[in-house]
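My request is simple: use the sequences and hints to build the entire structure.
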Amino acid sequence: MKTVEKIVNPVKRAGEESPGKIYNEKLKVRGRREWRGLKDTLYDYSRWLYLISVLGRFIIVPRNVKGFFRYRWMMSYLFVPHGMDKFTIGLRDEALRIAHTSFNFVIADVTQAIANCFRGDRRVGNDKAYSDKCVITDENSMVTFMMGFDKEKVHTILREVPTMFASNIFHQFNVMHYLDIAQQYGIPGDVCPMPEAEAGISIDDDFCVLGCCAVQNNTTCDGSLMGNGIIAKRLEREYGIPTFQLATPLRHKEPDVLEYAAREIKKAIAFVEEHTGEKWDWDRYFAAAKRVNDATRCRIAQLEINSTPYPQFFGAAFSLYNDTNYMGNSGRDPQFVKIDHKLLALAEQGYREKRMYAKEYRHRAIVWGVQPQYIIDQLYWLLQCWGVMPLADMLSIINTDMIADEDTPANREQAYRDMAMLNMEMIMRNHTHGGYKVLLDDLWELCEKMNADMVMMWEHMSCKALTGMHGMFEEQARERGIHIMWVSHDLCDPRVFTRQAIRDQVNTYMRTVMREEPLDPSLEVIPDSEAY
Amino acid sequence: MKKKVLNVLLKLLLKLLIAAVAFFVVTFTVYIFNLDMKATSLLAPYLEKWYDKLPRKQYI
Amino acid sequence: MRDLKHLNYFEKLLQEANNALITQAKKDGKVCVAYTCENVPEPLLNLDGAFSVRLTAPNTGSMDIATYYMTNLLCEPSRALLERAIEGGFNFADCVITPDGCTMMNRAVENMELLKTMGKDNPRFFHEYMEIAFKNTESDVELAVLQCTNHILTPLHEKYGIDVSDEAIRKAVAEHNKLCRLVRAIGEFRKGDKPRITGYEFHVLCLATYVCPSYLVLDKLEETLEELKTREPEEKPWRARVLLVGSEMDDSGFVKLVEECGAFVCCDRFCFGSYPGRVEIELTDDEDALTQVCRHYIQHCQCPRMMNQEKVYGRKQYVAELAKEYGADGIIYEQVKFCDPWAYERTLGSAMLSNDYGYPVLSVDRPYNIASSVGQMRTRVQAFVESIEIKKIQKGGRA
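Respectively, the protein sequence lines represent chains R, L and A.
Under numbering that gives the first Met the number 0, the residues of the first sequence are numbered 0 to 531, in order.
Under numbering that gives the first Met the number 0, the residues of the second sequence are numbered 0 to 59, in order.
Under numbering that gives the first Met the number 0, the residues of the third sequence are numbered 0 to 398, in order.
Simulated from the structure, these hints should not be mistaken for laboratory data.
Quick caveat, the model's predicted, so the values are computed rather than measured.
The calculated label-pair distances, taken between Cβ atoms and stated as ranges, are:
(1) L/Lys48 x R/Arg236: 27 to 37 Å
(2) L/Gln57 x R/Ile51: 30 to 40 Å
(3) R/Pro254 x A/Lys25: 33 to 43 Å
(4) A/Asp162 x R/Pro254: 21 to 31 Å
(5) R/Arg236 x A/Leu217: 42 to 52 Å
Some, not all, of what chain L presents toward chain R, calculated at C-beta under 7 Å:
(6) Lys37
(7) Thr39
(8) Ser40
(9) Leu46
(10) Tyr50
(11) Arg55
We treat Cβ as the ideally placed atom computed from N, Cα and C, and that holds for glycine.
Put into structure tokens, the structure is as follows:
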């Protein structure tokens with residue numbers, strides 16, 4: 000089997016040694032916050048203050064209060080600081096700053112998204128003029144088709160992000176209600192819970208109702224495609240919001256699907272123009288394309304840092320930021336550029352200092368599969384409990400090709416193909432769909448490139464695209480001498496696998512297969528399964 | 000006159016300092032003992048009951 | 000009713016994936032094109048010198064090896080096919096053409112390819128994967144034409160020298176239409192109060208047209224059609240007439256079970272059924288045949304994979320129209336367990352057919368081989384039949 004050199008951290012961690020024993024089981028939150036040494040505790044405190052101020056500024060607006068009491072999913076946002084603690088557990092130095100910078104920016108973005116939803120919502124703000132310039136899109140939707148629109152005039156509302164995806168991050172039980180509703184109406188429990196919960200929200204009438212039109216997408220999976228039909232029915236038939244289905248080919252590596260995908264992008268743009276009355280602007284598009292390329296370059300640099308013995312980017316917060324940037328932003332907002340560079344500068348500094356974030360680095364792992372790691376602090380835990388460094392996760396391994404960013408007549412045609420390519424290679428589906436090569440071969444190439452000896456394979460019970468290759472993963476890992484550690488979960492239904500049940504799979508593997516003892520035994524069992 | 004202004008300014012600074020320290024002590028206490036999330040945790044069951052009671056137009 | 004003369008013959012053909020007619024067609028020197036989804040245009044697989052076989056795994060029992068490769072979370076048909084392929088049950092195939100229609104079936108075939116389950120002694124053997132249309136627009140027709148050209152016609156021509164000209168396609172369509180006319184004419188005998196063919200018998204005949212070389216079943220189907228014209232129907236009326244709608248269904252045992260409960264399956268709207276798979280393709284001389292074939296498949300497609308709302312609502316409308324045409328008292332929406340597309344389609348379809356069109360609907364999921372769960376399903380169907388009868392009594396006539 001492949002092995003990597005063990006690296007021992009010469010520096011003792013500041014503050015408390017183990018962050019595992021600070022849960023209050025009765026209250027379902029931590030009994031106290033982590034002491035990270037004076038400097039890092041004060042930094043963490045300042046970021047907590049910032050988050051409180053973001054939430055405070057949000058809730059002083061009367062219509063947001065109204066929205067809070069109308070929508071069940073809003074309860075999750077009371078637990079944002081709890082989410083922040085989850086994403087920074089055990090972190091110090093640059094990694095702590097990277098996590099906070101990413102997370103805080105995402106929170107500000109989501110908070111703004113909720114505020115926008117409430118402003119246009121027919122039940123809450125009912126700002127009709129605003130709503131008439133809003134385009135609703137899916138949670139798992141690349142918004143490339145909005146890159147050429149003035150974002151001050153045409154508002155892209157990823158309605159499902161604050162409602163389902165982000166709300167689930169802060170409160171692991173919040174989505175269960177919607178899953179129950181969906182199943183009560185006949186959707187089986189064996190489909191992916193994410194689109195199922197979104198369908199449940201629609202059935203429960205718990206989506207904000209706004210927008211002059213909606214664009215749905217078949218990115219991700221069969222379940223996502225099918226859930227859209229239920230949501231669109233209500234949008235169109237009850238609320239009169241015209242809905243366009245943006246078809247995105249699955250076999251995205253085949254050149255013979257590109258022109259079709261580009262035609263679909265053109266149609267989506269024409270649909271938005273028709274319903275908003277706004278025109279596509281090529282200057283705006285190519286400016287956004289430059290930002291997309293800039294983000295791509297940063298991402299490549301991040302991967303390079305992580306391929307060294309001293310990786311600096313790891314964990315869910317960074318991954319969450321990457322998702323938001325790639326998918327929900329797609330170069331439209333210049334603020335992301337600043338954050339990208341700030342994150343890179345922090346990582347470079349950490350690399351120069353040879354900063355380590357656990358007592359030992361014993362293994363280098365690629366995290367593959369569909370992840371629940373926004374709901375559980377698995378990656379930080381993996382590192383601190385077992386010394387397994389998560390180098391890259393599947394959802395962050397996205398496009399590395401540059402797109403045309405100079406405005407020329409030829410590039411205007413190329414632009415449709417570029418947008419189509421980005422759309423087809425959307426997060427997750429760029430590996431889960433498009434043939435087995437992007438799922439299997441890409442993983443082994445990445446293991447080689449990142450010098451990984453281990454793969455932690457998230458096995459999302461309802462993700463058929465992943466589980467359908469279970470045996471081939473096993474066989475091919477064996478051939479290559481890579482340790483493959485299966486960790487089953489059910490994306491957003493903690494009743495199927497609790498947090499501890501998820502961790503126990505790692506504990507068992509590390510003890511029985513790897514025959515290792517934990518770096519920090521106090522972390523093996525954490526009483527957080529019932530925590531929010 | 001100058002001294003008087005200086006005195007006022009000093010007093011003001013002192014007040015600001017006391018306010019800042021008080022703010023820090025209170026918020027840091029809330030922060031370190033996770034009082035914000037504990038309070039939220041106590042509130043959550045009541046909120047759930049509230050949402051359960053809201054009338055909804057449920058259909059597929 | 001008196002047994003159909005060839006029913007036993009057709010039933011026997013369905014007992015093995017590698018049936019006697021496939022062996023015969025191979026002896027005739029024809030190329031066997033295996034496929035796995037209704038979205039592949041069948042006539043293009045039945046060009047002169049080739050014949051199509053839609054893969055099935057009859058009498059599936061254990062799926063242990065396939066479950067190792069794909070886990071028990073994937074639908075049973077996909078695992079059953081992989082298991083059969085690993086066992087060597089599809090070694091007759093000269094190529095496999097798979098559209099990326101649903102993830103699970105696609106993964107099943109990818110596993111077959113990676114495990115090299117077929118084509119060991121055939122250097123010309125190939126696997127092809129196709130993108131299929133999502134909507135019923137001309138842009139999708141354009142996509143389908145390109146996909147069929149690149150992933151069906153070109154490899155068949157290059158590897159096996161099959162004539163893929165416009166003329167050859169038209170000839171294949173004419174033969175396909177002949178088959179469709181026969182199947183549909185036989186299916187017409189399901190209409191009326193005293194049907195001359197049961198849903199089970201029809202399903203056996205129709206299924207055989209998918210899993211056998213079609214040119215070898217035509218004569219027996221013609222004879223059956225003639226036989227039906229004079230067949231005496233049962234005197235005893237059925238308790239209810241139901242339209243069966245749903246996912247992949249190559250298990251006639253399921254239809255038999257429904258009919259044993261007293262519900263006559265008057266119409267079939269599922270993969271391997273006659274709607275829409277046995278609807279004739281109309282060709283004109285104004286346009287090339289390939290484009291017209293692709294357009295036909297896109298316009299008539301009832302697969303939940305089609306995502307635009309016109310298609311989403313259209314599928315329910317189509318079911319309602321069939322129910323009306325065949326005089327169905329109720330509708331059974333069925334879905335193979337773990338099938339994502341049909342999980343949603345069944346939910347929305349059963350709600351709309353019930354709420355918007357007023358039909359009693361039974362919504363069930365089922366195993367691939369109904370023999371593994373007869374009791375539960377029988378209870379569900381019996382209760383449904385009784386509920387239809389009660390409704391009839393309450394309304395003093397039809398449900």
